[in-house]
Amino acid sequence: MAALSATEIRARRRRRIDWREQLTGYLFIFPAFFLVAFFGIFPIGYAFYMSLRRWRVVDRGFVGLANYEKAIGDWMGGLLFVVGLLLIIGAYYVWVLAFESQNNRGLAGKATVALILLGSGVFINLGWSRMMAAGDPAFLESLPITLYYAVGSVPVQLAIALVLAYILFQKIRGQEFFRMIFFLPYITPVIATALVFRTIFSPRPTSLANRFLEIVGIEAQRWLFEPKPVLQLIFGDTLLGWKLQGFWAGPSLALVSIILFGIWTYVGYNTVIFLAGLGNIPSTLYEAAEIDGANQWQLFRYITVPLLSPVTFYLSLVGFIGTFKAFNHIYVLQVPSAQNTVQTTSVAIFNTFFKASQFGYATAEAMLLFAIILFLTFVQTKIFGERVFYG
Amino acid sequence: MFHKRTWLFALLIITALLLAACPAAQPAAQTGGESAAEAPAQEAAAPAQEGAGEATAEVDWENVDPSGQTVTFWYQHTQEREEALQQIIADFNETNEWGITVVGEYQGGYGDIFNKMLNVLNTSEAPNLVVAYQNQAATYQLANGLIDMNPLVNSPKWGLSEEEQADFFPGFFNSDIFPSFGNQRLGFPPNRSMEVMYYNLDWLQELGFDGPPQTPEEFKEAACRAVEQPFSKGVGDAPSMGYQLSVDASRFASWTFAFGGDIFDYENNRFTYDSEAAQAAMTFLQGLFNEGCATLVAEQYGDQTDFGNGRLLFTVGSSSGLPFYRSVVDEGAQFNWSVGPLPHTTPDPVMNIYGASVSIPRTTHEQELAAWLFVKYYTSPEVQATWAKASNYFPVRQSVAESMADYFEAEPAYKAAFDLLPYGVSEPPVPGYDFVRDMIEQKMAAIMDGADVAATLAEANEEANAILAEQMEGLQQ
Numbered sequence: 001m002a003a004l005s006a007t008e009i010r011a012r013r014r015r016r017i018d019w020r021e022q023l024t025g026y027l028f029i030f031p032a033f034f035l036v037a038f039f040g041i042f043p044i045g046y047a048f049y050m051s052l053r054r055w056r057v058v059d060r061g062f063v064g065l066a067n068y069e070k071a072i073g074d075w076m077g078g079l080l081f082v083v084g085l086l087l088i089i090g091a092y093y094v095w096v097l098a099f100e101s102q103n104n105r106g107l108a109g110k111a112t113v114a115l116i117l118l119g120s121g122v123f124i125n126l127g128w129s130r131m132m133a134a135g136d137p138a139f140l141e142s143l144p145i146t147l148y149y150a151v152g153s154v155p156v157q158l159a160i161a162l163v164l165a166y167i168l169f170q171k172i173r174g175q176e177f178f179r180m181i182f183f184l185p186y187i188t189p190v191i192a193t194a195l196v197f198r199t200i201f202s203p204r205p206t207s208l209a210n211r212f213l214e215i216v217g218i219e220a221q222r223w224l225f226e227p228k229p230v231l232q233l234i235f236g237d238t239l240l241g242w243k244l245q246g247f248w249a250g251p252s253l254a255l256v257s258i259i260l261f262g263i264w265t266y267v268g269y270n271t272v273i274f275l276a277g278l279g280n281i282p283s284t285l286y287e288a289a290e291i292d293g294a295n296q297w298q299l300f301r302y303i304t305v306p307l308l309s310p311v312t313f314y315l316s317l318v319g320f321i322g323t324f325k326a327f328n329h330i331y332v333l334q335v336p337s338a339q340n341t342v343q344t345t346s347v348a349i350f351n352t353f354f355k356a357s358q359f360g361y362a363t364a365e366a367m368l369l370f371a372i373i374l375f376l377t378f379v380q381t382k383i384f385g386e387r388v389f390y391g
Numbered sequence: 001m002f003h004k005r006t007w008l009f010a011l012l013i014i015t016a017l018l019l020a021a022c023p024a025a026q027p028a029a030q031t032g033g034e035s036a037a038e039a040p041a042q043e044a045a046a047p048a049q050e051g052a053g054e055a056t057a058e059v060d061w062e063n064v065d066p067s068g069q070t071v072t073f074w075y076q077h078t079q080e081r082e083e084a085l086q087q088i089i090a091d092f093n094e095t096n097e098w099g100i101t102v103v104g105e106y107q108g109g110y111g112d113i114f115n116k117m118l119n120v121l122n123t124s125e126a127p128n129l130v131v132a133y134q135n136q137a138a139t140y141q142l143a144n145g146l147i148d149m150n151p152l153v154n155s156p157k158w159g160l161s162e163e164e165q166a167d168f169f170p171g172f173f174n175s176d177i178f179p180s181f182g183n184q185r186l187g188f189p190p191n192r193s194m195e196v197m198y199y200n201l202d203w204l205q206e207l208g209f210d211g212p213p214q215t216p217e218e219f220k221e222a223a224c225r226a227v228e229q230p231f232s233k234g235v236g237d238a239p240s241m242g243y244q245l246s247v248d249a250s251r252f253a254s255w256t257f258a259f260g261g262d263i264f265d266y267e268n269n270r271f272t273y274d275s276e277a278a279q280a281a282m283t284f285l286q287g288l289f290n291e292g293c294a295t296l297v298a299e300q301y302g303d304q305t306d307f308g309n310g311r312l313l314f315t316v317g318s319s320s321g322l323p324f325y326r327s328v329v330d331e332g333a334q335f336n337w338s339v340g341p342l343p344h345t346t347p348d349p350v351m352n353i354y355g356a357s358v359s360i361p362r363t364t365h366e367q368e369l370a371a372w373l374f375v376k377y378y379t380s381p382e383v384q385a386t387w388a389k390a391s392n393y394f395p396v397r398q399s400v401a402e403s404m405a406d407y408f409e410a411e412p413a414y415k416a417a418f419d420l421l422p423y424g425v426s427e428p429p430v431p432g433y434d435f436v437r438d439m440i441e442q443k444m445a446a447i448m449d450g451a452d453v454a455a456t457l458a459e460a461n462e463e464a465n466a467i468l469a470e471q472m473e474g475l476q477q
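If you're matching them up, the sequences are chains V and A in order. Take 1 as the starting number for the first sequence in my numbering and just add one per residue. Take 1 as the starting number for the second sequence in my numbering and just add one per residue.
If you're looking for bench data, these hints aren't it; they were derived computationally from the structure. Among the clues, some could well be false.
[Unchecked claim] Derived list of chain V stretches under chain A, where covered just means 3 residues or more per stretch with a C-beta under 8 Å from a C-beta of chain A:
hint, segment
1, 56-65
2, 202-210
3, 347-355
All values derive from a computational prediction rather than experimental measurement. All C-beta atoms, glycine included, are put in the ideal place defined by N, C-alpha and C.
Here chain V stands alone, though its shape is the one from the complex (with noise of 0.2 Å):
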């Protein structure tokens, strides 16, 4: 055998050094490996397997994609569906292309993107009612009820946070107190604080809601025992000619109390790690600014809310996988009265697993709800992630 030279020798050794390197590293995160392995992924898979198979206190076996089939109701639904949803992100690329666009192209882009939109709007419009016609109600009726649970908590929250954040980041007094009374919503026990809401929103014309109200010259409202929408409430049957009805009469009045609920509990986590963005953002920003004469709502709209952007995308992404989620506070404040109106998927899940005891089923509409957040979750990366400046 000939003899090894020097340089093969040290590759060699070198590849050895790297071996064992890799081990360690390996060794070293086989621990966080094991438990994210064990308590992560297994239930998720777990859950899936579960899903495929008809399950109802015990497994009495393997029944495919039914499950999934009883909870959409039409494949041909389901898919329309989702093409309608695809429509709509490929409409903001070409929406996108037709602004950078400066000549006739950019027109004519616009005008497509009115198309493809109207597309969408008819494929998902066609979708929903063949699956709401074949599927499951309870369900399916939670999916937008869970939707506007999101979309009426998240914006808002962070908006008040963020101006609440922008406040006590000023040289105020109490500053420090300000910051923990905001918190308490946060760390106190949400059961505690939905029952506590339960009364002040109940519909006794006493309740705390309704006396404010009364200050302001409103009469008393059912709040969570209330299931006609809210723009039904305010609008009538109809507003400018357009009928109110279904998805577009807006949530009801009960739900809209346990946004309320929502905004108020995390409202305080938002300010807090705004504070910690805003303490990130270099002071000489503003100080060029202010010397080049920008007021108090330039320096806001110029400087603080661009350089925050990275904190509230993750805070919006945060916010809104814990919206598709939200299960105990929502539990504890419906009401019968509400008449199905504030019951989100979450809700839908559990009532499906713990009261009807249908394991399979449950699992199959976790997956479901799973493979939602996940596509939200993508397409709030894609379209708002590309929107974050990081300086």
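Given the structure of chain V, go ahead and fit chain A onto it with the hints provided.
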């Protein structure tokens, strides 16, 4: 962060969706909805007895020896009730001739126990005795997780004599027989409660009535008069109210019973939420709301508070709430009150009785027998008297009344309710009833909001039977 074009894009999406939504959505959803709802209801019509026979192989109980066994008992009782139960257990452990040891364990509320049970059914982790509502027991039995107690109850050596069996209130004794599982006995009742009408006697007299209303018409008249004429001793700023309805499936059942019907057809194993009696009951209640004589219970136990403050003339609730009502009246408007049957259209009252029983999960035959022997002790007249006084539940045996004279004297409202026990009937012991209860509560709320009674109940009945059919499908497999 958002560019102008993003907002424009969002606006365009909404406009497009709105335009697209115009023509198709409504009719398609309606048509599909009807046909989709119809199918499962038809499936539900098939009686389910066929699948029930497989449950138990014959056991020669007479030759099973329970000596020296340890029995784990999962219950939900706390505070005074738990103390009393632990004392009963200690007495049994000390006195039983077989050397059986019962270990009582608090395992959370009914829901907690149910969730835990689903995980341990048919495993060595399962307790030997467990508190369970009938619908929970039915769910356990979908997995063949409980024993049929009939052979033990009727066993010449270990069971109850005919005379002893006759001593049980019939409504209680039969409430754990499951027609949907081939008439197996999946539980045994150690106590029960009952839905009763609480009324303010002093206020009724101020309104010109001698006593509590016996018919729905009298009830309505008194409730409506109470709204106009507040109670002289009333305290607080709540408006004067005739009746506060808690939207609840048991209340639905109680009112339907009072109108001479039932919510379940036991022969055909179907819900009957759309029966004439149910329609009449809901129409009656809706009428009370329409005329402003009734309101909904707005907060948990809000009706108790209003009743105690002399602001509410009638409320309907569980007899197990008697001590709480006494307490709120004593701390509130301090008036004479009592309980009675719901106003009824039937010659005799029909009372809704409920309460969790104890079930025996499948373990070894020796442990199963040992668990039964404790149940037998637990439901013996002397122990029942002690348990009823400590828990404020009703005893399940008629002969217990003799040893409760002192208690009846101290608690006249309890005695009034006790006298109604012979008229008791139960809600259906079927799997999935929790799910049905949620649904019916929403329908009930819709009716009180003004929804069409017949149509809403027809829809509710279809949904309830669809849920039942799905549950029974599991059993038939």
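Hints versus structure:
1. 56-65: Three-residue rule met by the segment 56-65 of chain V, so holds; n is 4.
2. 202-210: holds (count 6)
3. 347-355: Since three or more residues must qualify, the claim that chain A covers the segment 347-355 of chain V holds, with 3 doing so at under 8 Å.
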